[in-house]
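Undergrad: Using the hints, position chain B against chain A.
So the protein sequences, as listed, match chains A and B.
Per this note's numbering, the first sequence starts with residue 85, numbered consecutively.
Per this note's numbering, the second sequence starts with residue 96, numbered consecutively.
Hints may be right or wrong, so weigh each one.
[Said to hold, decoys possible] Cut-off 27 Å, straight-line C-alpha distance, at most; resulting in silico cross-link-like pairs (DSS-like, lysine-lysine):
no.: 1; chain 1: A; residue 1: 101; chain 2: B; residue 2: 222
no.: 2; chain 1: B; residue 1: 210; chain 2: B; residue 2: 146
no.: 3; chain 1: B; residue 1: 222; chain 2: A; residue 2: 100
no.: 4; chain 1: B; residue 1: 225; chain 2: A; residue 2: 117
no.: 5; chain 1: B; residue 1: 97; chain 2: B; residue 2: 278
[Said to hold, decoys possible] Pulled from the structure, derived: some chain B residues nowhere near chain A, Cβ distances all over 10 Å:
no.: 6; residue: 133
no.: 7; residue: 175
no.: 8; residue: 287
no.: 9; residue: 304
no.: 10; residue: 341
Hints in this document: simulated from the structure, not taken from any laboratory.
Note that the coordinates shown come from a computational prediction; the quantities given were computed from them, not determined experimentally.
For glycine and all other residues, C-beta sits at the position ideal for the given N, C-alpha and C.
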Amino acid sequence: MNKDSQGELWEVFVQKKSGQPFVHCGNLHAYDKEMALQNARDLYTRRGEGMSLWIVLSSSIVASSPEDAGSFFEPSNDKIYRHPTFYQIPDGIGHM
Amino acid sequence: MKDSLYNYTLRLGDTSLILAQRLSEWTGHGPFLEEDLALTNIALDIFGRAKGLLEYAAKKEGKGRTEDDLAFFRSDREFFNLLITEQPNGDYAKTMIRQSIIDCFDLLFYTELAKSKDLTLAGIASKSVKEITYHKRHSFSWVVRFGNGTEESFSRLQKGLNEIWAYSGELFEMNEDDHNLIKEGIAVDLDSLKQKWELEIKDLFEKANLVIPETLFMQQGSRKALHSEYLGYILAEMQSIPRMHPNAKW
Numbered sequence: 085m086n087k088d089s090q091g092e093l094w095e096v097f098v099q100k101k102s103g104q105p106f107v108h109c110g111n112l113h114a115y116d117k118e119m120a121l122q123n124a125r126d127l128y129t130r131r132g133e134g135m136s137l138w139i140v141l142s143s144s145i146v147a148s149s150p151e152d153a154g155s156f157f158e159p160s161n162d163k164i165y166r167h168p169t170f171y172q173i174p175d176g177i178g179h180m
Numbered sequence: 096m097k098d099s100l101y102n103y104t105l106r107l108g109d110t111s112l113i114l115a116q117r118l119s120e121w122t123g124h125g126p127f128l129e130e131d132l133a134l135t136n137i138a139l140d141i142f143g144r145a146k147g148l149l150e151y152a153a154k155k156e157g158k159g160r161t162e163d164d165l166a167f168f169r170s171d172r173e174f175f176n177l178l179i180t181e182q183p184n185g186d187y188a189k190t191m192i193r194q195s196i197i198d199c200f201d202l203l204f205y206t207e208l209a210k211s212k213d214l215t216l217a218g219i220a221s222k223s224v225k226e227i228t229y230h231k232r233h234s235f236s237w238v239v240r241f242g243n244g245t246e247e248s249f250s251r252l253q254k255g256l257n258e259i260w261a262y263s264g265e266l267f268e269m270n271e272d273d274h275n276l277i278k279e280g281i282a283v284d285l286d287s288l289k290q291k292w293e294l295e296i297k298d299l300f301e302k303a304n305l306v307i308p309e310t311l312f313m314q315q316g317s318r319k320a321l322h323s324e325y326l327g328y329i330l331a332e333m334q335s336i337p338r339m340h341p342n343a344k345w
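Isolated chain B (complex conformation):
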């Protein structure tokens, strides 16, 4: 049971960490100043959540590791972030459509997690709900804007959706750890979120004139730490400095 809580929290922390890392690639490259700052702020919020979760996971592991140890000294076969978070950002339209899929899920998920019997997770979750409410408003309004803009903005948006949709199924995957913790009132039953998420996403896509691509199967593998080729590069960049100077102090 103790392992399940560690695994569960680690997975949530990894997902936030890799997503924040991807989003921060936009820093200095935003389409214009205001959006550059907006996305940087959003990335910062998500890093904060990652820190809280990984800090708790390290505590649960009980081996004296810190959140920095977990973030910077694990290899890609030890990471459990969802595959959708490690996909390339692409253009702004693709980043926004991916973010809308994630934000819609995260708001539903963390709202439920705020009721968890584990008080630390509940605390992190209720703080996150306020942040995610804003993130969702931001990504949703951009999706609608791109979908109703020009021919180019729409076609980039649809292309982005076509590329990312196959990674949305994994959001709802549960394994033994989930089921163990659901019994204890700690984890969220993801099945209960699926219908609401589908309704909200379909509604958003309609407003943006998007067509949901036909998929033969949904990508998966992160529960077993099986990742796409991108994670290796993300970690190499993220971990390079701590690994070069492992005892550095700020």
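Next comes chain A alone, as it looks inside the complex:
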């Protein structure tokens, strides 16, 4: 596929409400930042999905490779003491 014909690939993240995490919702092709932002708004916020948008060039994203999954993530499976489930929250604190 000719790269010139569609622009670059951008990943789109939507934030539902202020303070919440941005969630990946899809991607799109665009030629520049302004167009990518507008297209993201047109494609991914039609149904009130959120209040804020991030767009990132897909080529800027650094991802772990599936081959590394073993060495990256398995060692933490048997270290349950890292979870905060054993801690009793005193009543006076209320909601955490």
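TA: Chain B in isolation, oriented as in the chain A frame:
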């Protein structure tokens, strides 16, 4: 006076309706997926505005007609949309340059209409302002992009402007209905918008390296429901199904 409000609202509704209908011709034919959706969204916003305005006009008419009756069962000699809205879309450059001329005007116009003493019109206007702010950003950025792109994108843009410029004068035409309603604080004095519009448009055209064509006169006629040959075809397509099945219910 009651007639003036009906005529005024009808004209605004018709202009939105025909523009939305023209824009929706791009559905499925956009240059690429993202723009297809962008323009479809814009058309949908404008249809929404048309519905609100025609609904109010029907109410003001007081004959029990609905916005659907007005949209689908009037002939071209009963429509008062601005001529610029019925012109063919042409290519994307022409659609964008026409849209930039209209969006620039609409943002100024509806911002003022939001202050109208008629609360229904003011309400429709203030909702529209948010939508039009986005439409203007979209069309303006495309005009700049085409104007500074390739030789082909620029020449298509200039050609589009050459074809559409003579329809821009009609945006500022006022008749007796306008003057009656301006006195009551309901309508917008279009003369007050002209200077600002000219400044913004000239600034945009400069950024896009465009030359404003010399025109001997500006096209007009819609105030008297005198239209170009295109409106008939637009209405035939738009009205064909309701006219075939007039009592159909969704």
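Undergrad: Which hint numbers doesn't this structure obey?
TA: 6
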